[in-house]
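Participant: The lines below spell out each chain.
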Amino acid sequence: MNASLLAGLVGAALVGLGLYGLIAHPHPLRKLLAFNLVGSGVFLVFGVVARRGAAAGYAFDPVPQAMVITGIVVAFAASALAVALILRLAVASGGVSLDPQGPAGRDAGEME
Amino acid sequence: MSVLPLLDVGLALLVVAVATWTMAARDLFASVLGYVAYGLLLALVWVRLHAPDIGLTEAAVGGGVTGVLLVTAGKRLDALKAATSGAAPRLRVKILAGALSALVAGALAFVVASLPTPAPSLAPQAAAAAAGPGAGLGNPITAVLISYRAFDTMLEKIVLALAVLGIWSVGADAAWGGAPAPLRKARPDGAMVLLAQILAPIGALIGVHIFWVGADAPGGAFQGGALLAAMWMVAMMARLVEAPRIGSRALRLALISGPAVFLAVGLAGIAMAGSFFAFPPAFAKALILFIETFMVLSVAVALPMMVAGPPEGGQEP
Amino acid sequence: MIEALLVATLAAPAIFLAAGFVGSWRTRALVWQFLAPAPALAAGVFGLSHAPVSVDFRGLGLSLTLDPPGALLLAFAALLWMAVTAALWRDGAPDARFGISWILTMFGGLGVFIAGDLVSFYLLYALVSVPAYGLFAFSEDAEKRRAGAIYMAFALFGEALLLMAFALLAAGEPHGSVRIADVMAALPVSPWRDAIIALIVAGFGMKLGLVPFNGWMPLNYAAAPIPAAAVLSGAGVKAGVIGLIRFLPLDVAMESWGNALAALGFFTAFYGAAIGLTQQKPKTILAYSSISQMGVIAAALGLGLAAGDAGASGTMAFYGANHLLVKAALFLTLGFVASGARLSGLSLALAAALALSLAGLPFTGGALAKLASKAQFATGWPALLATLSSIASAMLMTHFLMSLTALPADAAQEARRETPAVLIRFWPALVLGALLLPWFFADAPGDALSLGKIWEGFWPVAVGVVAVFGWRRMGRSAPVVPAGDAIVLYECAFARTIALGPVFETADARLRQWPAAAASLLLIVLALLVAASI
Amino acid sequence: MTATPATTPGGFLLVLAVLLPAGGVLLSFVLGGRAAGKIALGLTPVGFGLACLVAMKVAAAGAPIAYAIGGLPPPLGIALRADGVSAVMMVAAAIIVAASAFYARAKFVMPEGAPESRGALTFWIMIQAIWAALNLIFVGGDLFNLYVALELLTFAAVPLVCIDGRPETLRAALRYLLFALFGSVSYLLGVALLYGLYGALDISLLAQRVEAAPMVWTAAALMTAGLLAKTALFPLHLWLPPAHANAPAAASAVLSGLVVKGSFFLALRLWFYVLPGLPTAAPSVVLGALGALAVLFGSVLALRQARLKLLVAYSTVAQIGYLFFVFPLAAGAHVWSPLGWSGGLMQVLAHAFAKAAMFLAAGLVAEALGHDRIAGFTGAARALPLTFLTLGLGGLSLMGLPPSGGFEAKWLMLRASAASGQWLWSLPILGGGLLAGGYVYRILAPALADGEVEIKARPQRSREAVALGLAVLALALAFAPRGFFDFLEIGRPSVSRSAP
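Residue numbers (the working numbering), protein chains in the order written: chain A, 1 to 112; chain B, 113 to 429; chain C, 430 to 963; chain D, 964 to 1463.
In case anyone wonders, no lab produced these hints; they're calculated from the structure. Where hints are given, some of them may not hold.
[Claimed, not checked] Not everything, but these chain C residues come out facing chain B in the computed CB check (under 10 Å):
1. Trp943
2. Pro944
3. Ala945
4. Ala947
5. Ala948
6. Leu951
7. Leu952
8. Val954
9. Leu955
10. Leu958
[As the list claims (entries may be wrong)] Derived DEER-like restraints, expressed as beta-carbon distance ranges:
11. Met903(C) - Ala1269(D): 48 to 58 Å
12. Val460(C) - Phe975(D): 55 to 65 Å
13. Ile1418(D) - Gly862(C): 40 to 50 Å
14. Asp1449(D) - Asp872(C): 40 to 50 Å
15. Thr456(C) - Asp1449(D): 39 to 49 Å
16. His604(C) - Gly1384(D): 18 to 28 Å
17. Met1019(D) - Cys921(C): 53 to 63 Å
18. Asp285(B) - Thr935(C): 30 to 40 Å
19. Gly1394(D) - Gly881(C): 50 to 60 Å
20. Val460(C) - Phe1442(D): 26 to 36 Å
21. Leu955(C) - Leu307(B): 44 to 54 Å
22. Glu569(C) - Ile1418(D): 13 to 23 Å
23. Ala54(A) - Met1019(D): 38 to 48 Å
24. Ala1439(D) - Ser226(B): 46 to 56 Å
[Unchecked claim] Calculated from the model, a selection of chain B residues having no Cβ within reach of chain D, i.e. all distances over 12 Å:
25. Pro117
26. Leu118
27. Pro294
28. Gly302
Cβ coordinates follow ideal geometry from the N, Cα and C atoms, glycine included.
Model the full structure from these sequences, guided by the hints.
Facilitator: Listed below in structure tokens is the structure:
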């Protein structure tokens, strides 16, 4: 078992863990953590692909590595936006529940 | 020879274990702390994958800035006592969730294990292009980011600016134009201030260095900018500096200077080198460094502003 | 020449519609709107005396066609629209909703007879169906709103069936043409032939009120003001007739389909008459009479289909054209009687002749229509059933005449208010026109004047009239059947279906809970993976 | 598409079409305040002109136009490529963005001297960002570049949802963001796998290299599921109704008319441009079946809404379902595939215009009446004739009655379903039309009936006209000439795979 395969398996495991959190954790901040786990799992897959593509004197294929850097930036921006929304929701409604508690299908509320 | 693989396996198990802890911990704050540790460990994995650039990024962003973001969020949530997050799912939902995610992860593991050999790679093309479009850059990743896939990078910086605006837009109407809340409410103690006074300039210097060498060695605009951002955040936490008002023209200029300069140089490419986002070989390196300088500035400003959150003050609607 | 007339047939109502939206032109546009069907009339008259023509406008993908059956219906419909429109707008500007619905319905009601390709036929057919809602349903009155909702449901359902039929027709045409002539040529060998015919019969059957799709018609006519009822029952329903004429492969003998349609038609004919006899409101009775008459047309077309007799289209166009005039005139008769005008012996005779024309009374247009239908009802059980249906019609129309004499005061007042004064003043002329006009368009009108034919036409009418009087004399009263008969059951079924709504709502709310949605995401990944791997 | 060189004449227009609104975003951010609105409004005619130029270039060439950014062709560089559908979508996007921006002036253009406001700056910048992202999605040739475009789209769309700051809009925005994030990460995982397999992410290069292998299917499944989450295809629609119903009307028009089409467009790219040579029948059926469920649930739920905007939002759930019939109906290279393809694209366009018009009209209704409860509409059409005409014409298209783009779409799809022997798809197509008839009736029947409503504020004529104009465009699609459908086929890969 070489390092890149190992990293690939770790990536798969992280994706699985994150997906579990996506379904099972009610708190949006936990879902955000789950998203970041899935994200880093996916980046590891990119990393594995990059490592396996070592050629032409490079120890890695630079293209997927560059993509990971772009991806990390975007994921961070997403997390920050989500955090701002969560905090604001907590202030405005006194809770952070994603699933409305009211009667079914009526969560969008009345206009007035 | 036999130690490294063992270390690898150990590291892998540790990463997965910490990740599991992050998902399984009952306490929200514990799981946030778990995630910060996880980010740092992940940086090691990247180093083992011969990806020091990503390792730097992951350490700075995954561990550092994201850590501050999440810890601050956790604290602010605690302060709000707004814990109602909906009922925890029932056991059978958890079992279903586990089964489904295991299936997907299993399929993924299978697929990753069956990646083709020899692996396709753009490394040869990248090496060949280093003589042309990426002239003068020893770090192929920087070449990819700033030259071959410049379009991605420029757009990603716009995403960053949009995220900042999105975060601001969540604030109250009355607070618009004002400054975000301080990262720490309490006055820091002397040790913290002293630490910040020492750490911030040194860190900032390292950040500039990382950016500067990024053309040829691991590092680059984003990593450098992220480190500068972290240092600014340290200073903010020590209340050495306060977050700027979001209405400030200078702040906004700094935020968009990276993508704007990138866009302008990219457009000018058609006059200079016959194609959008092309650089004339003669002064490609100079142009790239020019763009990167502003990108460092944008990153260094954007990350702390995102962590700081929307402007505060004014009345709740 | 004919191209210009065909284009003008469509363009004229469109221009009047557009003019109605310009504030300063509106009044004048309304005064002259009765001229909008003029090109259609000219085209119809022209088409009757010329060989069929077809005009293609390739750039627009539009194709117009004019053949004798279409031309006859077009000419008569245009006349009816002109007469009623001219009278209608003299009383002042209408409610905008009514006015727009009126001209749109006119547009569709004329154009549908000349549409030569599937898409424009479908468009014009939709125009004659959907906007008609605005002619009667915008009201405070709950019963009218109910009639509107039911009408709309049937109209849209019929449209859906026809759209499927047309899609199958188009798919069966090997060269991608959507001209009706081309798709019909390909129909006999189409793999979906049976499905197409079933959809065509059901789709147009909804417009014609064939059982079991008849329930909307009595509600509609009862709710519609008299001028609207006149054009809808006269011209509007004929869109269904031209539909069957165009889309049944009459030149190919299809025995089982033909017989089935004939059986359905005859059943409708008797069913309509029977239920009509239980009704008391004149408008409702007229609606059931329409159902019954459309049943006769469907039966004749069915027999034509069974025999591969393309001539059925011509005879049934004539039968339909006669019904077009007579039924419209009958609605106006209701207005005339209700107006309180003194009923002379002459006007009573006119009214009676008009009503019994539908049963084939000699010397009326109805006698000619009946004669024409003999081509299909020549022998055997069809001949017997046709005669019986004449008797039934005579009974129903006698019942109608009697209901006119016993009009309740409020119904009379409403009918009076609905009928434009001009139509009442010229009522005798209109009735004479309805009775006599068909004589100018029949193939061999002289045949109807032979003694044998006169007797043949007379005795069923007499039997019918006597039967109703006898029934009354015996003091027997008909059972009470709600207007629209089986529609009540449909409404119950509909209410049951509506009751399923909360089930969907609950399911939707469950699926939109986060864990369910997130699990769905993974399930979709796995489902796609499995689907791709097998 | 393989015959297209890396850069063709006119290809630079594609870069400009993306950079123009992107530059507008940056400029608006710095200048802020009143300038943002002026910049956004000023760019709309320019962007529309660019989109038309692209369409003309494609039509003139009869082939896609392309641009290799930085002069570096794929696989190392990024290529932009516009074919028939790209050009048509760009023009449609420009029209709808322009209409929404014009409509939004009343709410978001600030008076002289007023301080910069949160809502206005957010709206003007985000709508430009959405436009840039959409243009990139329509012309992007590189799957990772398209990922960035998708994220740009999400980041711009989410703040629009919660622009008014009420708790339920915040919750809607958060649901949207989190779910969309998982969608994008799923897409990104598929991209990683494709790169690992073939070392390229350019669509036309991949189309030459892909083979039916488990890993390709895994990648396709992950990418598709991610895109479906962003498109809100049933049962992944948890975020759509509250988000679209609670955003300001001008934003809802763009979100419902265009933004969900962005991710759908990428799904089209994936299945019809990357994987056209593979046997995709079975997955296509899965997608079509989800579409059928979406039609059923969306329509029934729309029938049961008490508020106009929620009704229109659920109608979007249903109409999105129709889009997915394109997968079974246009798959492969059969005589009927072009019918299904034209039908699918026609549905995209018809729904974009009709729904944008209806959301704008719904906004006007809510402003004029002070509420959007359908029960309170009795007699409203007399007071707001143009607005209810807009709702009626838009509804006509949703119901699929002629003459309308919606009819044209159903007509083409039904023909494809008949000709391909997949007649089962005709049931949801027709049934959905009937249910749409039901919910349109629910809006219009009371509004047209006799009654009096109290008008709180009379809407501006110009705003009513903008909404009506979009509805008229939805109808005008019915008169699309044959050449339009030929144009849509430009650049669509034929299934006979060209030699690498």
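Participant: A separate judgement is required for each hint: does it hold in the structure or not?
Facilitator: Results for each hint:
With a least beta-carbon distance of about 8 Å to chain B, the hint placing Trp943(C) at the interface is held under the 10 Å criterion. Satisfaction of the interface hint for Pro944(C) is found here, the shortest Cβ-Cβ separation to chain B being roughly 5 Å, below the 10 Å cut-off. Interface hint status for Ala945(C): upheld, as the beta-carbon distance to the closest one in chain B is roughly 9 Å, under 10 Å. Taken as an interface hint, Ala947(C) checks out: its beta carbon lies about 8 Å from the nearest beta carbon of chain B, inside 10 Å.
For Ala948(C), the interface hint holds, the least distance from its beta-carbon to any beta-carbon of chain B being 6 Å, beneath 10 Å. At its closest, the beta carbon of Leu951(C) sits 4 Å from a beta carbon of chain B; the interface hint therefore holds under the 10 Å criterion. For the restraint placing Leu952(C) at the interface with chain B, the shortest Cβ-Cβ distance is roughly 7 Å, inside the 10 Å limit, so the hint holds. For Val954(C), the interface hint holds, since its Cβ comes within 10 Å of a Cβ in chain B; the closest pair sits about 6 Å apart.
Because the closest C-beta pair between Leu955(C) and chain B is about 6 Å apart, less than 10 Å, the hint holds. About 7 Å separates the beta-carbon of Leu958(C) from the nearest beta-carbon of chain B, less than 10 Å, and the hint is met. Distance hint check for Met903(C) and Ala1269(D): the Cβ-Cβ separation is about 56 Å, which falls inside the suggested range of 48 to 58 Å. Between Val460(C) and Phe975(D) the beta carbon distance is about 60 Å. The supplied range of 55 to 65 Å therefore holds.
In this structure the supplied range 40 to 50 Å holds for Ile1418(D) paired with Gly862(C), their Cβ-Cβ distance being about 48 Å. Taking the beta carbon of each, Asp1449(D) and Asp872(C) are about 48 Å apart, inside 40 to 50 Å as hinted. Roughly 46 Å separates the CB atoms of Thr456(C) and Asp1449(D), a value that falls within the hinted 39 to 49 Å. About 19 Å separates the C-beta atoms of His604(C) and Gly1384(D), a value consistent with the hinted range of 18 to 28 Å.
For the hinted restraint 53 to 63 Å between Met1019(D) and Cys921(C), the CB-CB distance of approximately 59 Å keeps it satisfied. The supplied range of 30 to 40 Å is met by Asp285(B) and Thr935(C), whose beta-carbon atoms lie about 38 Å from each other. Hint check: Gly1394(D) to Gly881(C), Cβ distance near 55 Å, so the stated range 50 to 60 Å holds. In this structure the supplied range 26 to 36 Å holds for Val460(C) paired with Phe1442(D), their Cβ-Cβ distance being about 31 Å.
At roughly 51 Å, the beta carbons of Leu955(C) and Leu307(B) sit within the given window of 44 to 54 Å. A C-beta distance of roughly 21 Å is found between Glu569(C) and Ile1418(D), which places it inside the suggested range of 13 to 23 Å. For the pair Ala54(A) and Met1019(D), the supplied restraint of 38 to 48 Å holds, since their beta-carbon distance comes to about 47 Å. A C-beta distance of roughly 52 Å is found between Ala1439(D) and Ser226(B), which places it inside the suggested range of 46 to 56 Å.
Against the 12 Å criterion, Pro117(B) stays outside the reach of chain D, whose nearest CB is about 22 Å from its own CB. Under the 12 Å C-beta cut-off, the non-interface status given to Leu118(B) relative to chain D holds; the minimum distance is some 27 Å. Every Cβ of chain D is farther than 12 Å from the Cβ of Pro294(B); the closest lies at roughly 21 Å, confirming the non-interface assignment. With a closest Cβ-Cβ approach of about 38 Å to chain D, Gly302(B) is found to remain outside the 12 Å limit, as its non-interface label requires.
Violated hints: none; the structure is consistent with every hint.
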